[in-house]
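> One-letter residues, chain by chain:
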Amino acid sequence: MTRRARLAMFLAGALGLAVMLACAEIFLPGPEKMRSRYLEQINLRTAPERNITDAVTAVNFDYRGFDTVGEEFILFVSVMGSIVLLRQPEEKQERSLRDAVTEGRDVPPSPAMRLWIVAMVAPKVLFGIYVVTHGQLTPGGGFQGGVILASCALIIYVGENFDIFKKVMSHRWLELAEGGGAGLFVVLGMIAWLWGSPFLTNTLPLGKRSELTSGGTIPLISIATGLEVMAGFVLLLHAFLQETLTKSSE
Amino acid sequence: MIAIQLMLLLLVAVTGTAVVFARNPLTQPVGISFFGMVLAAMFMAFQAPDVALSQIVVGTVGLPLMILLALAKMRRDKREDQEVAKGAKR
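Residue numbers (this note's numbering), protein chains in the order written: chain Y, 1 to 250; chain A, 251 to 340.
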């Protein structure tokens with residue numbers, strides 16, 4: 001494509017965007033007036049019905065819990081697919097690990113950075129656990145907390161090296177946590193069947209409002225999601241780092 | 251509040267354009283990371299803290315990291331191909 005044709009295409013697109021934006025500005029109500037009936041219902045019902053204070057978590061893990069099961073399995077399958085694609089044969093793995101330790105990086109991290117990162121890991125893990133377990137009370141929940149926990153593994157690699165990363169992250173436990181988290185979600189959904197209610201009905205005792213145990217199955221589902229997301233991201237990181245940092249055997 | 255929202259919307263537009271104009275693949279993840287931060291601040295200003303939290307972890311940590319790792323892998327593959335080509339010549 002020539003430069004002129006590209007420019008013409010861009011101008012056509014920009015014109016279309018400008019027209020749409022102008023229409024939106026003129027005809028659509030502002031964000032303050034965009035209060036749909038669904039939003040009002042959710043805001044009214046969450047506290048009395050589910051005894052929790054974060055309506056978004058109630059939608060994610062309860063009212064629309066079935067959608068979240070689907071999303072969780074999307075993540076599960078994509079992590080599995082990436083690992084299958086990136087997986088190396090056993091004997092190659094051992095040799096490449098040795099290479100990675102010796103020539104994995106050109107410049108080692110400075111002592112100041114290592115100290116800072118070692119000091120950061122524990123508070124970061126704590127914060128991740130906090131976000132996972134307080135999803136029903138404050139913004140956050142399993143997904144966000146899970147990724148925060150997974151990024152702890154990343155900073156361990158940044159501050160140390162792949163060898164230490166591998167030692168800290170046991171592959172078997174991660175696989176167990178990933179599959180277990182995804183499975184636990186479904187099992188928690190099936191608990192409702194014991195009372196003869198549909199899948200993912202919130203049948204457990206709701207507890208006291210604004211306490212950690214409030215919300216019945218919601219905090220449990222949040223923890224299951226956190227487990228799955230954390231393990232999934234660390235496994236992905238593991239596979240990617242292994243593949244990028246190691247030299248292939250020749 | 252309106253002023254903050256307007257400013258953040260403007261910043262989103264500017265940083266988004268900057269990401270598009272960064273032609274070097276190595277600088278793009280840095281730009282995307284910054285863009286993600288601004289986007290998260292914007293979600294916060296529009297009173298969606300849950301979305302902002304997800305945006306921070308995915309947009310500023312997850313996505314740039316995956317892009318960087320993919321770039322590193324591509325570079326390694328290229329170097330290996332060159333080495334193989336050299337070996338064949340010899």
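Wrong hints could be hidden among the right ones.
[To be verified] Straight-line Cα separation of at most 30 angstroms, DSBU-like style, residue types lysine-lysine; simulated pairs:
{"no.": "1", "chain 1": "Y", "residue 1": "K166", "chain 2": "A", "residue 2": "K323"}
{"no.": "2", "chain 1": "A", "residue 1": "K323", "chain 2": "A", "residue 2": "K336"}
{"no.": "3", "chain 1": "Y", "residue 1": "K124", "chain 2": "Y", "residue 2": "K208"}
{"no.": "4", "chain 1": "A", "residue 1": "K323", "chain 2": "Y", "residue 2": "K167"}
{"no.": "5", "chain 1": "Y", "residue 1": "K124", "chain 2": "Y", "residue 2": "K166"}
{"no.": "6", "chain 1": "A", "residue 1": "K336", "chain 2": "Y", "residue 2": "K124"}
{"no.": "7", "chain 1": "Y", "residue 1": "K166", "chain 2": "A", "residue 2": "K336"}
{"no.": "8", "chain 1": "Y", "residue 1": "K166", "chain 2": "Y", "residue 2": "K208"}
To be clear, the hints were calculated from the coordinates, so they are not data collected in a lab.
> Now look at each hint and say whether the structure bears it out.
Results of checking the hints against the structure:
no.	hint	verdict
1	Y:K166 with A:K323	holds (19 angstroms)
2	A:K323 with A:K336	holds (20 angstroms)
3	Y:K124 with Y:K208	holds (28 angstroms)
4	A:K323 with Y:K167	holds (23 angstroms)
5	Y:K124 with Y:K166	holds (19 angstroms)
6	A:K336 with Y:K124	violated (47 angstroms)
7	Y:K166 with A:K336	violated (34 angstroms)
8	Y:K166 with Y:K208	violated (42 angstroms)
Comparing the model with each numbered hint stated earlier shows that hints 6, 7 and 8 do not hold.
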